[in-house]
Amino acid sequence: MKVSEMLVRAELKQVAGESGNGNEIQGVYIGDLLSLVMSRALEGNLWITIQAHENIVAVASLVDVSAIVVAEGIHVEVDTIAKANELDIPIFESKASAFELSKTMIELGIQ
Amino acid sequence: MTEEIVASFDYQIEKDDFKIAGSASSHIKKILKQLGLPNPLVRRASIIAYELEINLVIHTVGGAMHLEVHPNCVVISTEDMGPGIEDVDQAMTEGYSTANDTAREMGFGAGMGLPNIRRCSDEFSIRSTFGTGTWIRSEIHVG
Ligand SMILES: Nc1ncnc2c1ncn2[C@@H]1O[C@H](COP(=O)(O)OP(=O)(O)O)[C@@H](O)[C@H]1O
Ligand SMILES: [Mg+2]
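Sequence lines, in order, name chains A and B. If you're matching positions, the first sequence starts at 1 in the working numbering and goes up one per residue. If you're matching positions, the second sequence starts at 1 in the working numbering and goes up one per residue.
Honestly, the hints are just simulated from the structure, not real lab data. For glycine and all other residues, C-beta sits at the position ideal for the given N, C-alpha and C.
Cross-link-like lysine to aspartate or glutamate pairs, in silico, DMTMM-like; alpha carbons within 25 Å at most:
hint, chain 1, residue 1, chain 2, residue 2
1, B, K30, A, E24
2, B, K33, A, E86
3, B, K30, A, E86
Here are some of the chain A residues that sit facing chain B, going by a computed Cβ distance under 8 Å:
hint, residue
4, D32
5, L33
6, L36
7, M38
8, S39
9, Q51
10, N55
11, A58
12, S61
Put together the whole structure using the sequences plus the hints.
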């Protein structure tokens, strides 16, 4: 499923990286420790995290995740948004927890 | 390793500069992709470069990172001006980290950087003099 389709069906708020909405989502990775994300997230994964600082964009781009969802109502920093727009990484904000978001993604058939 | 160099780049990495941390690694990834190196190799090199770069940012007074691409290997190395590592074996242990609270809150400091670098390398060496600085070299074989 493309990011563009997921975002409509999961009712997420996009804050950056619309130019990456054609990315294909394959599976989900949840994590806040950047070294773990670097070594475990797979290409195409939707990355759910509570980190919102600029460096998540570098991580996302280095491991080719399809999009980032910042969970738990945490606001994405302005610098993060600018960087994500530059590198075409879609970022979404959600009030839901990582668990709730995972359930939604599974319901959408992303697993 | 052959003498021939396909590409070579140097990067200055500043202490505590979280804003641009990762940009040297991103550049390395871009170069390797442009050179047509296989995806799994590019991924390993990206992990190595990122972990090395972040270590310079959060653990050192600053340093330099180098990329050298040869026909049969990719070499990524760093050197810094301190503080050096007192016990290298301990630093290489998974989960060991001296990262401060600010770095940890940002998701750095899992103590997995050096072990990840070694795991992704075909050849890995680290030399450190406590009080002086650290030199790390990681090589990935091509093909
Ligand atoms: N270039 C360096 N200079 C000084 N100390 C370093 C350097 N790289 C790593 N270290 C030390 O080794 C420890 C482990 O590094 P690493 O495995 O990357 O984990 P982390 O960066 O998450 O702490 C660090 O916490 C730090 O004490
Ligand atoms: Mg590290």
